[in-house]
Structure formats: structure tokens, C-alpha cells
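Protein chains in written order, with our numbering: chain A, 56 to 359; chain B, 8 to 266.
For the record, the hints were derived by calculation from the structure and aren't laboratory data.
This structure is a prediction, so every number in the text was calculated from the model and none was measured.
It cannot be assumed that every hint is accurate.
[As the list claims (entries may be wrong)] With a straight-line Cα cutoff of 27 Å, these simulated DSS-like cross-link-like pairs (lysine-lysine) come out:
1) A:K62 with A:K134
2) B:K84 with A:K109
3) A:K277 with A:K348
4) A:K271 with A:K194
5) B:K193 with A:K194
6) A:K321 with A:K300
[To be verified] Sample of chain B residues with no beta-carbon within 10 Å of chain A, all distances over it, derived:
7) G10
8) L29
9) L37
10) H187
11) L218
12) Y248
13) V259
14) R262
[As the list claims (entries may be wrong)] Computed footprint of chain B on chain A; a stretch qualifies when at least three of its residues, placed anywhere within it, have a C-beta under 8 Å from a C-beta of chain B:
15) 122 to 129
16) 192 to 202
17) 264 to 272
All C-beta atoms in this analysis are idealised placements derived from N, C-alpha and C, irrespective of residue type, glycine included.
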Amino acid sequence: MKVTWTKPDGLLLLTIVIGLAGVVGVSRLIDSQRYVSKATTDEEHLYLNGPTVKRASLGFNGLVADWYWMRSLQYVGRKVLASGQGLQLDNLGTLNLKLLAPLLDTATTLDPQFMEPYEYAAIVLPTIDVQEATRITNKGIAANPSSWRLYQHLGYIYWERHDYTAAQQTYSQGAKLPGAPAWMEAMSARMAVEGGSRGTAQEIYRRMYEQSGDDKVKEMAKRRLLELSALDLQDGLRGTVESYKSQSGKCPSSWQELGPALRSSKMKLDQTGAPIDPAGVPYLLTNDKCEVKIDPKSEAAEKR
Amino acid sequence: MLGRITAIAGNAFREAVRDRVLYNLVLFVLLLTGAAVFIGELSGGQERKIIVDLGLSAMLLFGVFIAIFVGVGLVYKEIERRTVYTIFAKPVSRGEFLVGKYLGLCLTLLVNVVVMGAGVSLALIYVSGGLDPLVLRIWPAILLIFVELMILTGVALLFSSFSSPALSALLTFFIFIIGHFSRDLKALAVSMGSTSARWLFGGLYYLLPNLSNLSVITPAAHGEMPTLAYLGSALLYSLIYVVVVLAAATLVFSRRNFK
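Looking at chain A on its own, in the form it has when it is part of the complex:
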């Protein structure tokens, strides 16, 4: 079929092209003049609560839960990026994440079997609103009574609060569930005996790293394990310095003086003979060379 173009057609086409160009131009003008709201007014409360959204979702509640979940991730991610600091998930208390609890609460009300928001609530929320973190995790346990992982999350919240008795009871309850791994019972026993120890912390983060399906949570657990491992090595180095001091009656002037002792303890050393932390950064000898410190610039330095 032959298409013939008339003068009015051309005029209409021209109108469309010019009109679209005009729309783009005016949109850019509006964008440049847009009122920038203050951070305090930027965050309104969620208009609808979980049960209302669930009713209004007309059977699409799973999809709406996904949307709330992704919105939670974007909300946290945006705030972390805006802060310009390399904050870890369990240390976001300074970011004023007041919408996070309602977002996660709504996601879990819409889809009570959706496990990731519970994990996020247990790890991120305690530094923001520990009551909400506990409530959302307990809500998850009520909706999924056979899920031992929710007990792991709740135990973690109690452990972070140094409430080792509650943590011990929670791990013990979770350990009784079918399919729960043997280490849940071991964790319960450990909480009772040495809840605040570094070894317990290492065990908690190791299990978190193994069990989590979220890359960010894994990254956070890995970072904490790195920090704890650096502290273990630091203790060993302090012991080496102490024994050198007791034998020679003075502090070492450099790591080289401790060379034989460091090599016999199989410490990893850099080219200058200084011991390196698990992140590969040399430890520092400070305070008249008698104090061992982790380099604050190292990834293994605790930044909490």
C-alpha cells in the first residue's frame, strides 16, 4: 500500500516533534526549579498500615510485599550513600531510618512467610528501634512457628543487647524445632557460660555468614569476623611484646626486634618484618613502642 503524505500530515508531524521538544524543555525547567524539601519533612509516615494494605492488595499481597521489601532496601541504601560513610548494616543508628520499621512491618504483614525482612529487622533495626526489631521478629515466630532461623535472629537481637539469659533461652527454644542444626543448642550453652566473650561473637557471625542469603548481611558478618580475628591477633602480639619487655627490661623499638618471636608464632609479616592484620595492614607499635594497635585505616579496625 502506497503511503502518501499531505501538507496537513507534515504540519501534524511537525507539531508532534515541536510539542515533544517543548515538553522536554519545560520538564527540565521545572526540575531545575523544584522545591527541595528539608530532610525532616522529606520522610512522611506511611499512610497505610500493614493490615489495610493487605486488604487493599486484592490477592496481590505477595507482589506488594516485594515492593515494600525493595523499598526498604532502597531507603537504607539511599541513606547510607548520602551519609558518605562505609557504614555496616548493624551500625546504622545515626542515619535516622525511622521509616524502616513500618516498611518491614508492612512487608511481613503482607507476606508473613517472607523471611528476609525478618532477618533485616533483626540485624538493622536494633540500633534504630530495638523494641520494633524484637516485635517484628516475634511476629515472624508467631506466623512461622517451625522456623528455627527466626529464633537465631531473635537470639542475635538479645545478644546485641547483652541480654544473655534471654538469648540463651531463645537459642534453646529454636534448637528444639525440627530441622534446627546442632549448633543452636551449642550456642544456647555458650550464651549461658560466656555470652559476652569474643568466641561467642565469632560463633554468632560465622553462623550468620553461613546461613544468610543476603549479600549485604554476609558482607557485614565477614567484616565483623575480620575485626574479631584482628583483635585475637592483637592480643597475641601484646603477649609477645610483654614477654620481650620482661626478658629485656625495655620496650621494642621496632617490629624487627621481635622478629624471631613473631616468626616462631607463625604470624604473617610484611616486607619490613611488621606483623599484618587479617586485612593485610601492618599492626602499629605505639606509646613508646610498648602498645600494639590495629591501624585505624585498616578494614579490620573496629568502626562501631
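Once you have looked at the hints, place chain B on chain A.
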């Protein structure tokens, strides 16, 4: 009788295909492909769940629009074009005509749902990097989506047998919404103080289709399948409801004067 119904159903299916109803599949494929490629970065490792939620929800939504907008035009178009006179000049009863039209649209929806189901399965295989248990576990939910669409098609046909297409579409959409609020209607009936109000809301609960019973998309995204007993009950309920709705539509349509 069966031959006449089959002929009308086949014709209704061909008409839907000619009306490019199945073009929505292209949009669906684009949606799923986009989700499969990009959702991983946004979902914190939850792409499988989101693919199922998104795929099955889109399947239901697209199906609802087809059931409503094609369903309300099934009879109206025949009357408007006056082809209904030619059909009824032959030995075809009004009931056979309605059932044939209904089955034709159900066949269109079945093709739609099966192709979309295959699309969701392929997207799951893509994001999982191999065969995933969810690929098989979502099919009971897909069956119940199809059953929900069958009920809505019946309802659209019932309304269109006595009302205009616009009003029929609106009423059917209301039924879709209320159908998902059924449990609230029951709760309302229980909480009502007066007996008459209790009867009214209790009656509405049983009269209107309980579509929330057919909605198992969310559990399906976690790999949960309904029990056989539940599936059987849901299918039986839907079958009975469709028979009732088609009987009512035939009753109204057989009394309609085309002059």
C-alpha cells in the same frame, strides 16, 4: 448440542485471536524479561520469589482485564452487528450460544495462562541458572488463577446479558474487588449486632464469589502448594459457581427481546 457449542466456542476463540487479544503476551514477556534481568540488583537476592509474585500477579491482572473487557463484549457485539439473528435462525438455543461463547473465551484465557506460566517457568530457570523446584510448584497456583478467571468471565457474561458493556465491565470489576474482600464480609456478618444485618452480610458472603480462596500466589512464591483436598474443594466450588452464573445468564438472556 455439544457440536453446536464447540462450533460457537471455536468461533469465539478465533474472534479473540483476530482481535489481537493474545498480544498481551508480548507485554508479559517483556515485563518478565526485564524483571529477570534487573530485579536481582534491587531485591537483595530475592529474585526467584519476586519473579513468581510478579509473573503470577501479572497473569491474574492481564487475565482479569481480558475476562472483563472481552467477556462483556461477547454477547453485545453479536447483538450490535445483528449477527445474533443469523445464529438464532439456526437450531441454536440461547443457552448453547452463551455456553459456547463462554467456553471460547475460557479457551483464549487458557492459552494465555499456559503461555504465561511457561514464561514464568523459563524466567525462573534463567535466574536460578538451572531447573528450580519452583518451576513445578507454581502450577497449582496457575490452575487456580485460571479458575478465578473462569468465574469472572461467567460474571461478565451474566452482566452483559442484560446490561451495557460499560456498566457490565464496571460491575464485574466490583465483583472482582468484593470477591477478594469475602473474608471481611464474613467477619462483618459475625460482628453485626442486628440479625437482619447479619443475614444480609452472611448472604452476600455466600452469594458473591469467594475469590480470596483461589488466591495462592503468595504461598506459591515460597514453594508451597495447596493440598489436593483444598485444590479439589476450590475446583468444585468454582465449577458449581460457574454453572450457577451461566444458568442465571441463560435465564436472563432467553427472556431478552432483540427487537
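We went through each hint and held it up to the structure:
no.	hint	result
1	A:K62 with A:K134	55 Å, violated
2	B:K84 with A:K109	38 Å, violated
3	A:K277 with A:K348	21 Å, holds
4	A:K271 with A:K194	23 Å, holds
5	B:K193 with A:K194	25 Å, holds
6	A:K321 with A:K300	20 Å, holds
7	G10	38 Å, holds
8	L29	23 Å, holds
9	L37	17 Å, holds
10	H187	4 Å, violated
11	L218	7 Å, violated
12	Y248	17 Å, holds
13	V259	28 Å, holds
14	R262	34 Å, holds
15	122 to 129	holds (count 4)
16	192 to 202	violated (count 0)
17	264 to 272	holds (count 4)
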